[in-house]
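Each residue of the sequence shown is one higher than the last, beginning at 1 in the working numbering.
No wet-lab data here; the hints were simulated from the structure. Just to be clear, a hint being listed does not mean it is correct.
Derived DMTMM-like pairs (lysine to aspartate or glutamate); straight-line CA-CA distance at most 25 angstroms [to be verified]:
| no. | residue 1 | residue 2 |
| --- | --- | --- |
| 1 | Lys191 | Glu203 |
| 2 | Lys317 | Glu292 |
| 3 | Lys228 | Asp303 |
| 4 | Lys157 | Asp143 |
| 5 | Lys162 | Glu241 |
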Amino acid sequence: MHLRTPRGRVALALLGAAVLVLVGPPLLTTGSGTETGTQIPGLRFMVPNTPGGGYDITARTAAKNAEDAGLTHNIEVFNLPGAGGTVGLTRLVGEHGNGKLAMSMGLGVVGAVRSNDAPKTLADTTPIARLTEEQDVVVVAKDSPYKTIDDLIGAWKDNPGKLPVGGGSSPGGPDHLAPMLMARAAGIAPKEVNYIPFDGGGELLASILGNKVAFGVSGVGEYLDQIKAGELRLLAVTGPERVDGLDAPTLQEAGYDVNFTNWRGIVAPPGLAEAERDKLTRLIEELHDSPEWQQSMRQNGWDDAFLTGEKFGDFLKAEDERVVSVLKELGL
């Protein structure tokens, strides 16, 4: 039997160290996010409504895409629903200086702050980025008697109070504003509309499928699978153009003067150190540019609406003013 001498063991150890030096850098840098400084160990994404809604889908998609792109790892996504997103907002603002927490949000939270007279507002947060814009969809259950948008609106005009409409946001949010604008365009007084709010599109879905509401309004990305599977019948979309791959007119095409889109983004707690804010922003910028995220936007019918930092903060302020203006204009 050959015995390895101490000198031989030293030589092998040195050879092994040399091999590690040669192979080490690629293993550490390739797809690890270290080149751009995007690694945030322990990062958590808060979703301020129930699973299955637009904020939830956006957060979970972003987390998976960021991990698949090697930008960071093990992002925890958790739900903290309540009061149209303002429960989560209050929690976020209370996490002063926490650079490992971010919240998925959008126009619905802007409206909920106003309608719930929330103690904290988006002005109390650190704006990170607006990510996407998307149209709302007007949908009914597959066995609904309403085959077209004209069928629905005709019945709605005859008796607005007896045709409840469900939305995945509080009054002032996108799924509330869109049907109110529809009503006005159809000659229905918005105050006569029987609007039933749900805490996200996931909660709303069961009520549409169970015919608990006459129709529902929510984001296209939330119900794309159910529409394609034939569980929901799509009657119209609220934006300026038809959605690729979906056979439904815009409300404007159908003769109703409505042009409405929703958006979603990311905010963080107040009081972040500059380095923490910059790293979180850099992570979202790298995510936005990744093939994984670009593919997800196409699959979900989301339009790119990327905006970061102070520009996003200015946009949030303008959106708050817009919500107040529209609610006043509608007499709500």
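Exercise. For this structure, which hints from the list above don't hold up?
Worked result: 2, 5
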